[in-house]
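Q: Below are the chains, spelled out letter by letter.
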Amino acid sequence: MCLLQLWAFGFCHLLFMNTSDSEEDSYNERSSLVQCESPTIPSYNQDHDMSLPQETDTKRRRPVSSGLDEPGPVERERASTPDGEEEELTLKYGAKHVIMLFIPVTLCMVVVVATIKSVSFYTEKTSQRLIYTPFEEDPNYVGQRLLYSLLNTMVMISVIVVMTIILVVLYKYRCYKFIHGWLILSSLMLLFWFSFMYLGEVFKTYNVAMDYPTLAMIIWNFGVVGMICIHWKGPLRLQQAYLIVISALMALIFIKYLPEWSAWVILGAISIYDLIAVLCPKGPLRMLVETAQERNEPIFPALIYSSAMVWMVGMADSSNPDSGGVKLGLGDFIFYSVLVGKAAATGGDWNTTLACFVAILIGLCLTLLLLAIFKKALPALPISITFGLVFYFSTDNLVRPFMDSLAAHQYYI
Amino acid sequence: MTLAVFFGCAFIAFGPAFALFVFTIAKDPLRVIILIAGAFFWLLSLLLSSLVWFIAIKASNSQDLTLQRGLLIFGVFFSVLLQEVFRFTYYRLLRKATEGLAAITDDDGSAISVRQMAYVAGLGFGIMSGAFSMINVLSDSLGPGTVGIFGDSQYYFITADMPSSKIFRRVKTNLKSSSLIQKMRALMTLALTLLHTFWGVLFFEGCEKSCWWVIAAVVSLHLLVAGLSLLNPLYEGSLPPVYGITLLMGVWAFFSSGGSLHSLNALCTRRKAEGESS
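Heads up: the sequence lines are chains A and B, in that order. If you're matching positions, the first sequence starts at 4 in our numbering and goes up one per residue. If you're matching positions, the second sequence starts at 90 in our numbering and goes up one per residue.
Looking at chain A on its own, in the form it has when it is part of the complex (with noise of 0.2 Å):
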């Protein structure tokens, strides 16, 4: 059992590399048909950023520099319209945009969560680490381990920076059928092993008896339809909801897999790593989308949620049915889970995990804003990881002593 696993482990890292660059490819595919796509938004794609940082496990939060995409209609009416109405059209559509991150992100968190509580199996400690964490924690001490969990986070994000490069490079150089494969190899994992996965604890948690035949034909027919969906055509909302799947499961394996305070330092390394990435001249990602705006093609929108919105007629332009959306990448789901699941498996308490919850809307909210107001690709982790992060610890440790005394004495406030 620990071979297979620590094999499985093994070519997780290759896969989740090549899922990135394969997400992206299936969703330039994804987004000719769901979207007419201005030249425009790609730009904005921070996935493309996301998928390159994917080769790693880790990489799978491509999202790690997930950008927001402006919706393509406000920008094609920005030339036609006067400034007040464009502002107007601006705000009045931010309001919906925000919504339509929302509910998938509030909906991969659900499903993390209700896992969480409910299998036990994420949340058994277990010896078997992940390579990209190769320091084992110990409890018995604390200064020992504080520096075990930073070294893990120098590994993480060193590994995650160089499959960025590499990455860069490789769409650099055009060898698209390379990363096109990789992401392949990346989904299929994915979508097969880990489902099968999570399917057996979930049935040895409700001790329900299933037989292989059956079991081999729901796995199958799972996975041959997502690879569909993600890497050729499908309806947007299977799509949609494939996506939130899939950074569900990666969610839950990083909660199982990574030790405990490596996590948290893990999460806040990767928001500065995706504030820099995505802000800075001479970062990775955002070199991926000045390349990919020099010719003028999508960038590999591996892993990218995309919430296509309808423009209504009349609004934009009638020349331009664009359905214009916003993007979000999928390592921000996953990061996002992994914050609000972590907050719902240690401690139990569920105050900790809605004040998480909640810190990571607000957090999603205010990325929005800002991407309103400068119109450009942003990285999405920052301002929710320290929201959720100064949320979690403080609830943790100040508001549930409070709580629980007042519960006890049955006070309310």
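Treat the hints as calculated values from the structure; they're not laboratory data. Everything numeric in this text was worked out from a predicted model, so none of it was measured. Take the hints with a grain of salt, since some may be wrong.
Across the chosen pairs, the derived CB separations fall in these ranges [said to hold, decoys possible]:
1) S130/A - G333/B: 54 to 62 Å
2) R360/B - A117/A: 38 to 46 Å
3) F112/B - L149/A: 46 to 54 Å
4) A117/A - F107/B: 14 to 22 Å
5) T91/B - A117/A: 13 to 21 Å
6) F396/A - T91/B: 28 to 36 Å
7) G347/B - V211/A: 51 to 59 Å
Below, in silico cross-link-like pairs of lysine-lysine (DSSO-like), each with a Cα-Cα straight-line distance of 27 Å or less [said to hold, decoys possible]:
8) K185/B - K298/B
9) K379/A - K185/B
10) K379/A - K285/A
11) K99/A - K185/B
12) K185/B - K378/A
13) K298/B - K99/A
14) K272/B - K120/A
For every residue, glycine included, the Cβ atom is placed at its ideal position computed from N, Cα and C.
Once you've looked at the hints, dock chain B against the given chain A.
A: Chain B only, in chain A's frame:
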């Protein structure tokens, strides 16, 4: 039994709030955002008040139980005051946002009125407050035959004294009294959720019209309700007055936000007319 208690208490505590959300808020994205931001502000106030309480607790003697209780009561009232401060802060933020929007757009622009924002903000406060009070209780009730939270039955014993040999009956009564306690908690949570909604409406109205006595009334009534909850677990002493206050606040908020007996009448007759015509 535990599943029944869970669903019963969940629906008592969150049913009306959920219905309000589904029918008045869910369709409009802007209102959803204002709701969640309201919840966030309530959370911030709770965070700060817990910080203050925590510091007080750590600085004091943990063995002195009366002191600890006194500090908790102080924490309750301080938290109430802080919640109102954050309500005011949220009001200022929303006003600024509305003014910003109005400045940008040429026409009347504002997609949402201050009264609607007041209602949504109040509901946000109420839902978050209710969730924080009730969710842990609910999840505990799903556990195996809960005998009061923290397994400490004496807090939840509302029966007359019983012979200690009748253990079976005692356990059964414990369970029964515990579910009664949870129903009371659910009712209290519901009252608080509604109260926060009404207070939101009144508070914002008071700020708009610069009626400081309205604001003072809201703050003092909140303090009064928190004080009444100090009577718990004697729920007979706290629940009826709290519900009386809720009713009063509801009526006041209705008339303050522009409702009148005439509009109520019009609503009923229109319904009747629609019913007749269909």
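Q: Give a verdict on every hint.
A: Each hint tested on the structure:
{"no.": "1", "hint": "S130/A - G333/B: 54 to 62 Å", "result": "holds, 60 Å"}
{"no.": "2", "hint": "R360/B - A117/A: 38 to 46 Å", "result": "holds, 41 Å"}
{"no.": "3", "hint": "F112/B - L149/A: 46 to 54 Å", "result": "holds, 50 Å"}
{"no.": "4", "hint": "A117/A - F107/B: 14 to 22 Å", "result": "holds, 18 Å"}
{"no.": "5", "hint": "T91/B - A117/A: 13 to 21 Å", "result": "holds, 19 Å"}
{"no.": "6", "hint": "F396/A - T91/B: 28 to 36 Å", "result": "holds, 32 Å"}
{"no.": "7", "hint": "G347/B - V211/A: 51 to 59 Å", "result": "holds, 56 Å"}
{"no.": "8", "hint": "K185/B - K298/B", "result": "holds, 16 Å"}
{"no.": "9", "hint": "K379/A - K185/B", "result": "holds, 25 Å"}
{"no.": "10", "hint": "K379/A - K285/A", "result": "holds, 16 Å"}
{"no.": "11", "hint": "K99/A - K185/B", "result": "holds, 21 Å"}
{"no.": "12", "hint": "K185/B - K378/A", "result": "holds, 22 Å"}
{"no.": "13", "hint": "K298/B - K99/A", "result": "violated, 31 Å"}
{"no.": "14", "hint": "K272/B - K120/A", "result": "holds, 25 Å"}
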